[in-house]
Amino acid sequence: MVLPTHLRQRLTPAEIQFLCENENVTILPRYSMPKVELIGNKIPALKALKRIEVPLWTALILKSQAKCNIIAPLWLNTDYLKKMYEQEKKYLEMFSSLPWNWLEMSKILIARAADDLSDPSTQLRSIIKDLREIRQLKSKRGLRELNESNIQLNGLSLMELNELRPFALSVMEKMRQLHDSVQTTNDQASDESEPDL
759 MVLPTHLRQR
769 LTPAEIQFLC
779 ENENVTILPR
789 YSMPKVELIG
799 NKIPALKALK
809 RIEVPLWTAL
819 ILKSQAKCNI
829 IAPLWLNTDY
839 LKKMYEQEKK
849 YLEMFSSLPW
859 NWLEMSKILI
869 ARAADDLSDP
879 STQLRSIIKD
889 LREIRQLKSK
899 RGLRELNESN
909 IQLNGLSLME
919 LNELRPFALS
929 VMEKMRQLHD
939 SVQTTNDQAS
949 DESEPDL
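Converting from the sequence shown to my numbering requires adding 758 to each position, the first position being numbered 1.
Don't read these hints as lab results, they were simulated from the structure.
For lysine to aspartate or glutamate, the following DMTMM-like pairs were computed, each having C-alpha atoms within a straight-line distance of at most 25 angstroms:
(1) K808 - D874
(2) K887 - E773
(3) K898 - E851
(4) K840 - E921
(5) K800 - E811
(6) K840 - E891
Bear in mind that the values here come from a model prediction, so they are computed numbers and not experimental data.
Take the sequences, apply the hints, and build the full model.
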């Protein structure tokens with residue numbers, strides 16, 4: 759697929775969501791079903807009302823056919839997300855510990871399995887939006903401390919890193935060039951000041 763230059767440096771949100779669908783989630787099957795062998799993957803045998811982990815994409819297919827309920831991850835409830843929001847506000851120098859794919863997973867589950875969630879989807883969307891905004895603000899503040907050799911943004915999700923990547927890489931490249939030019943100037947100055955032997 760031919761993409762504009764500004765999109766070649768990162769994954770699209772749809773690609774990140776696709777990757778997220780390979781993450782395992784717990785389901786509660788409504789029916790028993792034999793094991794299914796796929797290329798590169800196996801769906802285990804399902805027994806009615808016995809919890810089991812399957813890839814998210816499998817859970818979504820079974821859910822659309824009314825063959826299972828998806829058990830929401832422990833972190834996908836308003837109490838936990840509010841606690842993470844308070845941590846984000848309290849600790850301005852670090853990010854709260856949310857799963858690697860919390861944004862994508864929450865978006866998918868709210869859109870396609872809202873009836874399986876313990877809290878109303880409107881409340882979840884609201885707190886997720888607040889959490890995302892404060893984390894974006896913190897990550898932008900963190901970019902001020904960039905240098906040419908590394909960047910430390912521990913605790914960010916794949917989607918958050920993907921949004922920052924083009925900007926951070928271009929800034930780091932400019933800083934590296936600036937550092938190299940200053941180093942070259944300093945080397946030339948020291949060569950000129952040394953006496954000839």
